[in-house]
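Chemist: Protein chains in written order, with UniProt numbering: chain B, 1 to 430; chain R, 1 to 430.
Please note that the accuracy of each hint is not assured.
Since the list can't tell identical chains apart, any single copy or any two copies may satisfy a pair.
In silico SDA-like links for lysine to any residue, alpha-carbon gap of 20 Å or less [what the hints assert, rightly or not]:
#1 K329 <-> Q407
#2 K235 <-> K423
#3 K423 <-> Q169
#4 K150 <-> L72
#5 K150 <-> S284
#6 K423 <-> W20
#7 K307 <-> Y23
#8 K150 <-> G118
#9 K277 <-> P76
#10 K150 <-> P121
#11 K150 <-> I288
#12 K150 <-> L234
#13 K314 <-> Q25
#14 K347 <-> T374
#15 K150 <-> G281
#16 K150 <-> E278
#17 K277 <-> R146
#18 K11 <-> L45
#19 K307 <-> Q407
#20 K243 <-> Q27
#21 K11 <-> L425
#22 K386 <-> G303
I should point out that these hints are in silico values taken from the structure, not numbers from a laboratory.
2 protein chains.
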Amino acid sequence: MTSLRALSKEKLTDLQSALWNEYRQEQAKGLHLNMSRGKPAPDQLDLSMDLLRLPDSCILEDGTDARNYGILQGIPECRKLFGNLLGIPADQIIMGGNASLNLMFDTMAFLFLFGTGGNRPWADYRTVGRTVRFLCPVPGYDRHFRICEKLGIEMIPVRLLEDGPDMNQVKELVKNDEQIKGIWCVPLHSNPQGVCYSDAVVEELASMETAADDFRIFWDNAYGIHHIYEEVPLKDILTACEKAGHPNRCYYFFSTSKITFPGAGVSLIAASPDNIKELLGHMSAQTISHDKLNQLRHVQFFGTPEKILIHMQKLADLLRPKFDIVLQKLEEGIGQDSSIASWSRPKGGYFISLNVSDGCAKRTVELAGQAGVTLTAAGASYPYGKDPDDSNIRIAPSYPSEEELAQAMDILILCIKIAYLEKLLGNQPK
Amino acid sequence: MTSLRALSKEKLTDLQSALWNEYRQEQAKGLHLNMSRGKPAPDQLDLSMDLLRLPDSCILEDGTDARNYGILQGIPECRKLFGNLLGIPADQIIMGGNASLNLMFDTMAFLFLFGTGGNRPWADYRTVGRTVRFLCPVPGYDRHFRICEKLGIEMIPVRLLEDGPDMNQVKELVKNDEQIKGIWCVPLHSNPQGVCYSDAVVEELASMETAADDFRIFWDNAYGIHHIYEEVPLKDILTACEKAGHPNRCYYFFSTSKITFPGAGVSLIAASPDNIKELLGHMSAQTISHDKLNQLRHVQFFGTPEKILIHMQKLADLLRPKFDIVLQKLEEGIGQDSSIASWSRPKGGYFISLNVSDGCAKRTVELAGQAGVTLTAAGASYPYGKDPDDSNIRIAPSYPSEEELAQAMDILILCIKIAYLEKLLGNQPK
């Protein structure tokens, strides 16, 4: 396919007919394959089944009965376990409920309702005709953008480069605009490209000058230990912020949604001592504690940070063949012709980011859907669901079986080509 | 003690000396008894231990794997179970996280951030120099008042009578003040007096004219099935609101915190179809779902509404002797002299509300504390922690053992009398 653009219109039309024949044959199979969300497959979940027979004892190390009320910050043994895993002091961690997304929304809601560090509540901007703005490295995680949209936060897309957000762009924006209140970051194996932030980017995020005193980094380390091909280190943002004189700049989120059970795991927020104190003040009005028995369940299941990492290797062993299939199919089907499509080659995480020819993403997703392959909606990885180039498609290889995935990729590649030919020929044959 | 006020000053002084001697003997025992919070005792929690070996199967009736992402509204079988228990259609229920307090805070936060039914967000009142106001039947639940205080809601106390809030007072207030946006209600076995709302009160709450279109009843049915001495029926507020032409007036909260494990149970919010739709819209930005495995755990543990009620009878059998002790000790120690103290005789719930002589509550709690008996802080059951009469003390008999409780009550009664004598004599002897 390397010379598609060099072909005559006649030959392109012949090729198009051949591809449509192939497509109709695939359609006739009546497949139902879903690559739309980053859902773990059943065999991944099976690795955590022993959780469901825990906790054994409900008495904590300090003698407290975990079945009863109390311990707003989360049980000490759980904060220690994940603190040791992530290199964060247990005192700087609050255990949340079953998902870190909820902590992110609630933290943003607290900022809107109460402000932070004595600054005005962000909700007050609206009533004086101003808007809170957030920087959104793109493509990025649709649920981050959804929180912003829900709260009326104006999203400013910034380029995500190979080592993190384009810091020249970021620094220029934040130093001049007091209404830019923060940035979303997925610092390791980002959703969807698998970008890992370099030390230099972490340093700059921590030290850059911001017009807003209450500028906040929402550091969603969702894939912090989700290495598949290669372990990637990550500079400690909390320490970097502290050293740079901005100790309260960052909220750090983590969860076991993609370690044990999505939606029945444990989550945490980590931050500076001042931020933790402020957050606990808000949370003390919201809840008496999150589910301590689920915290204890996870502590008893894992025991040590080392055992969490061993568990992650088992998960990686299940995911790696699936990533292999996607990458190999793309290599075989598209090859080096980046005018048709290019894609990320992540070292971990949950996704592969595919860029098809500008203007072809929606059509590709539509064609795939009509052949039984459900993909994430084109544009979903952009604020307001709008990809300005209509180019990006997120591939989530985790949920289907290897066989299904291979089938789905064959169809996807077919659709990529058909959409591209339609663009070249300026037609849309039936 | 019926004739205390009739005694000469000399005799009162003699009595005071005798009581102080008794008090010092109690002090010397170095007791540590806690009646401060409505915590279940370990033997109550033991009844739910089989929960910790569930769920068996994680596959739902419709074939969905409950271990994975999704089902924002909560698993259908759990909504059905509690819907049947409470007489609410499953479609009008959203399962929440581990505690209904969190749902109450979040619902209030949604109202502040987004408003309801197209009305302006409540947060916007603040910035135009106005205040959202809430009616607070008193005495009431301190954590309701804490939510209001946190959000800057002005609390307006209203009298709680034997059959619910003083509806003449309530109706007069709400019909004239657009800033009064709601009322807190614990309609059965209220915290702390054990008041149960009559049908007439429920009707009036549903049908009364309110100046605010977005007036909301926060219906915290925390003790809806917590009958100890007598089963008390409760009129269906959601249907009453619908019939009265105010279908969206009420948010109904329930949880298993005092059924299975506090802080590791399941919670729910029920409301009109419009409200449910609106809430799901907000929640869809906040979370993918709450903990479905804990929902399934509860479904498999209970199976049917009837089994929940049998479980409640077992809990009542553990609580009844404790309530008996408190009531009997008060009867024996204080008797009919209501100038010293009077108290509620609840039919269920978790508390007994004690009213000591005006101006004596803080001193009584202080004296008890110094003799090793921790009570809820005096005034805690009032907005801002301020009981205007300094009279009310909440007794929480559930947590101590029967033996401890009897000891604690002896000390409390001693302290009530000492504080009362101090008031009569105008002194505070060492």
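Chemist: Go through the copies and call it for K243 and Q27: within, between, both or neither, with a Cα cutoff of 20 Å.
Modeler: neither (58 Å within a copy, 52 Å between copies)
Chemist: Taking 20 Å as the upper bound on the Cα-Cα distance, should K150 and L234 be classified as within, between, both, or neither?
Modeler: Cα proximity of K150 and L234: none, with 31 Å in one copy and 37 Å across.
Chemist: Treating 20 Å as the Cα threshold, decide for K423 and Q169: within, between, both or neither.
Modeler: neither (32 Å within a copy, 71 Å between copies)
Chemist: Indicate which option fits the pair K150, G118 if close means a Cα-Cα distance not exceeding 20 Å: within, between, both or neither.
Modeler: For K150 and G118, only the inter-copy Cα distance (15 Å) is at most 20 Å; the intra-copy one is 24 Å.
Chemist: Given identical chains, is K235 near K423, meaning Cα to Cα at most 20 Å, within a copy, between copies, both, or neither?
Modeler: Neither: 43 Å inside a copy, 65 Å across copies.
Chemist: Is the C-alpha distance from K11 to L425 at most 20 Å within one copy, between copies, in both cases, or in neither?
Modeler: So K11 and L425 pass the 20 Å test inside one copy only (11 Å; across, 110 Å).
Chemist: Have a look at K150 and S284 and pick one of within, between, both or neither, based on CA distance no larger than 20 Å.
Modeler: Classified as between: cross-chain Cα gap 10 Å, same-chain 24 Å, threshold 20 Å.
Chemist: For the identical chains here, do K307 and Y23 meet the 20 Å Cα criterion within one copy, between copies, both, or neither?
Modeler: neither (46 Å within a copy, 55 Å between copies)
Chemist: When Cα atoms must be at most 20 Å apart, do K150 and P121 count as within-copy, between-copy, both, or neither?
Modeler: both (17 Å within a copy, 13 Å between copies)
Chemist: What label fits K307 with Q407 when the C-alpha limit is 20 Å: within, between, both, or neither?
Modeler: neither (35 Å within a copy, 48 Å between copies)
Chemist: Regarding K150 and G281, is the shortest C-alpha distance of 20 Å or less found within a copy, between copies, in both, or in neither?
Modeler: between (24 Å within a copy, 9 Å between copies)
Chemist: Cα distance capped at 20 Å. Does K150 pair with L72 within a copy, between copies, both, or neither?
Modeler: between (27 Å within a copy, 17 Å between copies)
In this structure, the hints that do not hold are numbers 2, 3, 7, 12, 13, 14, 18, 19, 20 and 22, in rising order.
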